[in-house]
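Trainee: If you want the building blocks of each chain, they are given just below.
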Amino acid sequence: MSAVEKAVRREPVIELIGLNKWFGAFHVLKDVNLRVYEGERIVVCGPSGSGKSTMIRCINQLEVNQEGTVIVGGRRFSKDEKANSDIRRDIGMVFQSFNLFPHLTILENCTFALTWVKQMPKDEAEALAMEFLKRVRIPEQARKYPMQLSGGQQQRVAIARALCMRPKIMLFDEPTASLDPEMINEVLATMIELAESGMTMVVVTHEMGFARKVADRVIFMDQGEIVEEAPPELFFARPQYDRTQLFLSQIL
Amino acid sequence: MNNLSPPQAAHLTDIPDTVKVFVPAAARAAPSSTLGATAWIRKNMFSSVPSALLTILGIWIVYTVLNGFIGWAWTNAVWEASSRRDCLDKVGNAGACWPGVVVWIPNLIYGLYPKDEVWRINLAFALLIVWLIPLWLPKVNSKVAIGLSMVLLFPLFASYMFMGGEKGAIWTALIAVGLTGFLWTVLTAVTETLWGVPVLRLVARKFGATTAEAESRIGQVVLLALFGVALFIVFELDFVEVRTRVWGGLFLTMVISGFGIAVSLPAGIVLALGRRSKMPVISLLCTTFIELFRSVPLITILFMFNTMLPLFLPAGVEVNQLLRAIVAVCLFASAYMAEIVRGGLQAIPRGQYEAASAMGLGFWQSTALIIMPQALKIMIPNIVGNFIGLFKDTTLVSIIGLLDLLSMARAVGQDTRWIGLFIEPFFFITVIYFVFCFAMSQYSMNLEKRLNTGHKR
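Chains as they are written, first to last, in my numbering: chain A, 1 to 252; chain B, 1 to 457.
Source of the hints: derived by calculation from the structure; they are not laboratory data.
Careful: at least some of the hints might be erroneous.
Residues from chain B that face chain A, not an exhaustive set, calculated with beta carbons under 7 Å [what the hints assert, rightly or not]:
no., residue
1, A214
2, E354
3, M359
4, G362
5, Q365
6, A368
7, Q374
In silico SDA-like links for lysine to any residue, alpha-carbon gap of 20 Å or less [claimed, not checked]:
no., chain 1, residue 1, chain 2, residue 2
8, A, K144, B, K167
9, B, K278, A, H103
10, B, K278, A, E63
11, A, K122, B, T210
12, A, K122, B, V144
13, A, K30, A, E63
14, A, K82, B, L127
15, B, K143, A, E63
16, B, K167, B, S47
Using N, Cα and C, we set each Cβ at its ideal position, and we do this for glycine too.
Please put together the full structure from these sequences, using the hints given.
Mentor: This is the structure in C-alpha cells:
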C-alpha cells in the first residue's frame, strides 16, 4: 500500500478523465477514469475485447477518444497534431507485434527517432543507442536487420528503441503475447529491470507472475469498464467482483 | 502460468536423479539419384512415357522454328543490295533483306532530326549516362540527391540541347540550373570517391568552416559559383533550332517514355497519398482523377489532347504537339502509378505507422522515412512493369502523327527503293524494344535483390 499512499500526494503523470470511445456503434470504453503517478507500475488485465488495449493506446492517442480528456505530464492532448507529437516523445510504447522497422538495422531502428525527431548528431545517437542495446543485452546484434532476430530479441530491441527517446512513461501493449514460451522470460526480465529502475509503466499483459512481482496496482477491465483496481496482493487473494474471480480462475 | 515463480510443477520432482543425455542423430547425405544434371533431366523431362513424348515433340518444334528463322535471318539473308528489287532477284522471299534496315538505321534512331545536329542528342544521352554513373559507385553517399537532381534538372538542359534556338533570360537561367546540377553531380562523385566528403562541404572546409552552419553558408556560395560557371557556358552555346516536328525514332520514344517515367512515379505517390487522405476534398479530387484517367484508353486521351485541347485554348495560344502528347502520357501513367503505390501502401502494416507516431514522428516524416521506403520496395516489380508498359505504349503516339520508333519502321516500307519492306524493320525494332524492356526487367530484379535486407528471414 505504501506506493499508493506515496503516490496520492504527488501529481499524476497520466490522467484519463471520463474517457469514452466508440468503434462505429460499438462502445469500447465506458467512462474510464485512471490516474497514474510517477514511478508507479500498473498492470492492466482482462478478457479479450475488454478495451484494455484501446485504453492504453488512448494514453498516447494512437486511438482517439470521442469523449473525455487525456493529460500526460500535465499536457493535454488536443486536435493540434504537432503539439500531440511533442507529448508523445515523452511516452515510449512497446507493441505486441514489435513493429520494428524492417528496412533499417537494429542500430538504425534505435537511432532513427533520435536523429529525425531530436536532431541528435549521428555519433551521439549511436552511442546512446548502443548503451540501451547493452542494457537489454543485445549490443552484438546492432548491425543485423530485425527479421534476422528471434521474437524475444526483437521485442527487447523494441524496448531499447523506446528507451532511447528517454521517455518519462513506458506503455506495454501485450509485449509477450506473440512470443514463443521460451522467449517470454527474457522479455519479462528486461521489463522487471526497467520497473526496478523506477520507470513509470503501464503494462497490458496476462503474465500474472509479472504483475505479482512488480505491479503497484492491478487493473481488471471488462466490457470497456475498469471493474477492479487493487494492489496485487489484494487483487489475487481477494478479488471483489465475481467477474474478476472468474477471469483469475481461468488464467491462473 | 508463468515461469518466474513456478510453484505448480510439484509432480516433476518425482523424476529420478540420473538424467539421460540427448544426442542428436548425425545428418546423412541425400541419395545420389536425386542430385546432379542427369537426375534433373530424368525427373523433369522423362519421368513417364507421355512426358518423354512431349519432351521430344517440344525439342522438334523448337528445332524447326529456329532452323527456319536462322535460314531466313542469316543463311539466306542478303547483306548487300541497293533496293528491295535487288534482294528479291537474289533470294526471293527465302531470305531477309537487311540493307534496307541498315540504310534506315539513322532514321530509325533519330527520326528526321538533321544529320549535322545528331551529335547533340548523342552528347545529351552521354551526359545522362555520366549523371547516372555515380549511382553505381559504392563510395558515393549522396545517391538520393544525385538521383533527384538527375530527374529534375536533366530535362532542363537536355531540352535545350534537343531543341536549340532562341533562349530568353529565363530559359538561359533554367538551362544553367540544369548544367549546375550536372557539374555538382560530377564533382560530388569525384570528391566522395576520393575523400568521402561531398564537394560543397569539402570546399567549405578548405575555406576554414568548422560549424555546420558555416559549412552550409560557404556551400551555398560555392553552389552559386558553379551556377556562374554554368551560366557562362550556356551563354557560349548557340544551337540551331530543330523543331519537334522532325524528332522521331528511338530518340522520340525515349523522350516521351522518359518524361512519363520521371513524372509518373512522384505524381503517382502524391495521388496515392491524396486518395488515402482523411481530407474529403483532396481524397475526392485524387480519386476522381485516378478513376477518370484509368477508365479511358490511352489512345482516347492522346486524341483528346491532340485535337480537342486546342479548341479550348484561347485563340493564338498554341501548345506544341509533342508537349501535348507528353502531358497526355504523363497523366495516364500517373493514374496507373497511383494505384500501384496505393497497393504498396496498403501492404504496410498499421503497426509501422503506429510505432513511428508513438516515437513522436509527424505524418510526413513517417510517410517519407518509414512507410514509403518499405512500400516502394514491395512495389518494385509493379513499378518497373508499369514503366515497361509505358515504354511500349508510346507506340500509340504514331496515331496522332508523331514519328516514334514504330512509325519510322513503317516508313521504311514506304520508301520507293525499299517498297514493301516491312518484316525486317519490324524485326529490328522488336529487338530494340526487347533489349530496353529486358534491361529494365533485369534491373528491377537486381534492385529487388539488393534491397532485400528488410524482409529476408
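Trainee: Now, for every hint given, state plainly whether the structure supports it.
Mentor: Against the structure, the hints come out as follows:
no., hint, in the structure
1, A214, "violated, 16 Å"
2, E354, "holds, 5 Å"
3, M359, "holds, 4 Å"
4, G362, "holds, 5 Å"
5, Q365, "holds, 6 Å"
6, A368, "violated, 10 Å"
7, Q374, "holds, 5 Å"
8, A:K144 to B:K167, "violated, 54 Å"
9, B:K278 to A:H103, "violated, 27 Å"
10, B:K278 to A:E63, "holds, 15 Å"
11, A:K122 to B:T210, "holds, 17 Å"
12, A:K122 to B:V144, "holds, 19 Å"
13, A:K30 to A:E63, "holds, 15 Å"
14, A:K82 to B:L127, "violated, 44 Å"
15, B:K143 to A:E63, "violated, 38 Å"
16, B:K167 to B:S47, "violated, 72 Å"
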